[in-house]
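**Q** Residues per chain, in single letters:
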Amino acid sequence: MDIATILGVVSAFSLVLLSIMMGSGLGAFFNAPSLMIVVGGTLGATMINYPLGDVIGVIRVGMKVIFAKSSSVPELIASFVDFATRARREGILALESSISEVNDEFLRKGLQLTVDGLEPVAIEEILQTEIDYVEARHKLGADIFQTLGTFAPALGMIGTLIGLVQMLQSMDDPSSIGPSMAVALLTTFYGSMMANILFLPMAGKLRKRSQEEVMVKEVVLNGILSIAKGDNPRILEQKLHSFVPPNQRKSAFS
Amino acid sequence: MDIATILGVVSAFSLVLLSIMMGSGLGAFFNAPSLMIVVGGTLGATMINYPLGDVIGVIRVGMKVIFAKSSSVPELIASFVDFATRARREGILALESSISEVNDEFLRKGLQLTVDGLEPVAIEEILQTEIDYVEARHKLGADIFQTLGTFAPALGMIGTLIGLVQMLQSMDDPSSIGPSMAVALLTTFYGSMMANILFLPMAGKLRKRSQEEVMVKEVVLNGILSIAKGDNPRILEQKLHSFVPPNQRKSAFS
Amino acid sequence: MDIATILGVVSAFSLVLLSIMMGSGLGAFFNAPSLMIVVGGTLGATMINYPLGDVIGVIRVGMKVIFAKSSSVPELIASFVDFATRARREGILALESSISEVNDEFLRKGLQLTVDGLEPVAIEEILQTEIDYVEARHKLGADIFQTLGTFAPALGMIGTLIGLVQMLQSMDDPSSIGPSMAVALLTTFYGSMMANILFLPMAGKLRKRSQEEVMVKEVVLNGILSIAKGDNPRILEQKLHSFVPPNQRKSAFS
Amino acid sequence: MDIATILGVVSAFSLVLLSIMMGSGLGAFFNAPSLMIVVGGTLGATMINYPLGDVIGVIRVGMKVIFAKSSSVPELIASFVDFATRARREGILALESSISEVNDEFLRKGLQLTVDGLEPVAIEEILQTEIDYVEARHKLGADIFQTLGTFAPALGMIGTLIGLVQMLQSMDDPSSIGPSMAVALLTTFYGSMMANILFLPMAGKLRKRSQEEVMVKEVVLNGILSIAKGDNPRILEQKLHSFVPPNQRKSAFS
Amino acid sequence: MDIATILGVVSAFSLVLLSIMMGSGLGAFFNAPSLMIVVGGTLGATMINYPLGDVIGVIRVGMKVIFAKSSSVPELIASFVDFATRARREGILALESSISEVNDEFLRKGLQLTVDGLEPVAIEEILQTEIDYVEARHKLGADIFQTLGTFAPALGMIGTLIGLVQMLQSMDDPSSIGPSMAVALLTTFYGSMMANILFLPMAGKLRKRSQEEVMVKEVVLNGILSIAKGDNPRILEQKLHSFVPPNQRKSAFS
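From first to last, the protein sequence lines stand for chains A, B, C, D and E. So the first sequence is numbered by the working numbering: it starts at 1 and just counts up by one. So the second sequence is numbered by the working numbering: it starts at 1 and just counts up by one. So the third sequence is numbered by the working numbering: it starts at 1 and just counts up by one. So the fourth sequence is numbered by the working numbering: it starts at 1 and just counts up by one. So the fifth sequence is numbered by the working numbering: it starts at 1 and just counts up by one.
Where hints are given, some of them may not hold.
Any copy will do: because identical chains look the same in the list, a pair fits if it lies in one copy or spans two.
Straight-line Cα separation of at most 25 Å, SDA-like style, residue types lysine to any residue; simulated pairs [claimed, not checked]:
| no. | residue 1 | residue 2 |
| --- | --- | --- |
| 1 | Lys139 | Glu96 |
| 2 | Lys208 | Glu135 |
| 3 | Lys208 | Leu198 |
| 4 | Lys229 | Glu90 |
Derived by calculation from the structure, the hints in this document are not laboratory data.
Okay, chain A solo, but in the shape it has when bound (with noise of 0.2 Å):
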């Protein structure tokens, strides 16, 4: 659970509404053909920069990847520097009994590979294929609300010059003119709160994630190739240590 974007997006958009009503009513920044455009036409565009499939699939996964619970890196180590001592002490084969336990598919892969006995450049060709692949994912889903983010205010400031021919084209009524003017920035209102704090900072968001992800998944692959090597275990907790920050560096053998 990730308590940031929650917390993020309630107190960002809690602090817009109380600072519109400290000086004046919700009502008037509510208008429903302001509202249609923008957000309608944001979509349009969206679907026509993407498959449709694409677009609604990659909200699913965008959801997943903000509920995902990260794995721990020490502990990742510390599993690694396990399965590395009983390879050396009783051969790559008595990994196999382990694979069935791990619940991570990525390094049950990896370790099927190694116990399957594969070159370690044949396991890291095709573990660093899926890695890469795994990021492309990731990275649609950032650029899809990237995409949103960015057709927001244009859709909105399209909607606002919607508004100012309108009311350009019939000023007989000088008093209509201040309201007027004020439905038609609306609709820019609408599609710089929708860019600014929805679709750009979850746009980031998952970009994070992703390159979370990714380390992990890098972490993986270093052990992986590490056991595959016959690797010391302590080298391999050098090695995999140097992807965490000093401070969560535990080192089994000290």
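Could you slot chains B, C, D and E onto chain A? The hints should help.
**A** Below, chains B, C, D and E without anything else, positioned relative to chain A:
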């Protein structure tokens, strides 16, 4: 057939039209000289930017890419497992008879090079160059749409500047200021519309489609190399499965 | 001769002039001091940005690139198949007599190095460095136009700011406000025009032409290397065909 | 202690305050709801964009980086010449006694791996991974400040839009238009100030500091490898001198 | 001496001053507090962004780069052909006597390493690191000017916002609105001027000069390596000619 593109264009444009009609007639938003300067100027700038043949040819390519049926990667992997199994059992020349049944030109070329007995390194060089230049040609299509989407708002702003200068120079009749300025803003409106709900998302879709097609070609390249190197079909399947998400991996061996 | 560039410049400018004349006379859009500050200031900023020799020399290069006839890659491939066939049949020295008939300097240098018996690795190093620096020199041309297209609107805005400050400081006569502001906007108009229907698309065309020329040189490099390595002419043709789209591939062997 | 950062913040802010006080009182520039929406909204958007722990932790890292004393590279090179000389004379194990005297953790780890007799390739792999991930952690700090600097003006504009809409909807009293609009502009002012004289230059400083620290680590990596390969101390000095400008190169051998 | 820079600065500034004087006196465009906030604020933000020593030191480096005489690459190639010929005829140690006559420090270092008999791979490593860090130091200079050019318009906008807020809060006297707004716009004018006809083109010139210097160093690196490998002087000349355009290639052998 790419349903999302058509759905997106239709829905975005109808929403804009609908929201215009809720406030005024559509007539106020149609102005021939404004349309002329934005559409004509944008095409003119794009024709300076790209060779004439490319502009015409790429629109055709764009249509083909959008309406193209995307290949099924899982099916492709299944065929490769099949090819690899036969190559192992009956020798690589046994694949010769299958070549004529293959529809995809790239796959056919790869199989032919393999049957001809070229070194994997040479096969990789030839096919990778082909992938690079297919990518470059696709990129050109997306770039032209991106360029259209960059010049359209610029020409819109030029049109608005012309309208503003003309309005400011003859401000004798105050009642004409509003309508003159409304007309001046129309070019900015046209430019924004064309860029944001046509050209820019189309460029995005072309980029996305190109990525998909290149990914399919990467799968073919890796499959061909795996066969040329005489990989075990299980290993080949493992390698190719790395390109697809876990839920699309159906093994032929379990 | 690049017909699209000329067609684009002429059509874009005439459309702008036409649309101006539909609303007012052209006279209102001509203002010598405004033109002076935008054109002169843009050139000044570009001269700070680039050495004088480059600014002058590159415009010449730019013209040459635009008016240059692009090479026919399919014809080039046919010559290479020819070279390779003769080199195979009569030995690599048989190509010596052909060198003097070759017009293209890059191809001539490549053939000479091959006939001189240099190692393929050394040939690749020399020719690749040459391609890299041809690319760098072309890039400089495109960059200078891009820089002109960046400073022109900036200088336009500076001119408008000057006009606005002067107008705001002497607002005694309300009837002069409109025309003064119209004049102030002219520099922004000039800057936008110069950038969007001259400098920026010209920069794009130079980039495009450079890509084409570099691609031709890559074909030459690959053909030379293939001959130097003694490749079978069919293989050489396969390698070079990877650079062109399928519909331009005409084999000499079928 | 980084005197420039403090000097810059203090001088930039005092100049702004001074220039405000030359025209009016400071009071007109303080508005609690405006401050609330910009500061709170920016923090909210950043919290959506980054995990909570990172936002808190990175500010701490940022402070540490800014106040950290930068290492003296010439002194570091001198120590390496010393290490190399002793390793050559007394054997690599002679360095073991020096390890405990070394303060820098990265250098200590490198020396330990060398004394342990690892292959240079393995040492490089471990230390390079560590450098890459130190760089990634530093980059995260700079990215968070950059994100703050991107959202602050956006939230400023949202606040101004709210103020404008409220002002336009109640324009009964013309004398209140000016002050209302002044208040509406304050959020844009706050957003610009926070971004341009706090967040964005801080992000730049963090990037700069990170580059320096990574460069020091690159010197250490190259020194360690040079010792592990048994390079002549003069060669080692030549290699490490390449990292510093000529005027900072003091040879131990001349 | 770089005549274009001085010519550009002088001509751009005089054109702006001239066009101001054609419309009003220069006095209206001078305002001490406005100048103070833009110049001081920009320097402040840059001092937060970069260490104090770098800001001061780099301006000195910038001057040196701009006034530096660029090396003649064709002359450099001729010397290398000379070195290579002597090295071939009299052995590599014959170059020792020439080292003291060489002015360029980088070339001298390269020759010394060659005469010392280092492996080409080690020479390349040392010289390439030096090129990389020369490039990094040059880039820092360009980056600081780019940063100045980014913060100047931002501070200009902050100054204008301050002026607008103060004007809007005291609109009692309508006749003072124009002049107040004129003053408010001055900071934007200053920021635009400083950025577009000083800082940004200076940054561009520094980048250009750095490229040239790095290219000269790449020629030296390739020449040194060619001598160290014992290349035939004709081959060495061919290799180095790849760096210059065809019309600057004068062979010593024809």
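**Q** Does each hint hold? Answer for all of them.
**A** Going through the hints against the structure:
no.: 1; hint: Lys139 to Glu96; verdict: neither (34 Å within a copy, 40 Å between copies)
no.: 2; hint: Lys208 to Glu135; verdict: both (11 Å within a copy, 15 Å between copies)
no.: 3; hint: Lys208 to Leu198; verdict: both (15 Å within a copy, 23 Å between copies)
no.: 4; hint: Lys229 to Glu90; verdict: within (15 Å within a copy, 32 Å between copies)
In terms of the numbered hints stated before, the structure departs from hint 1 and from no other.
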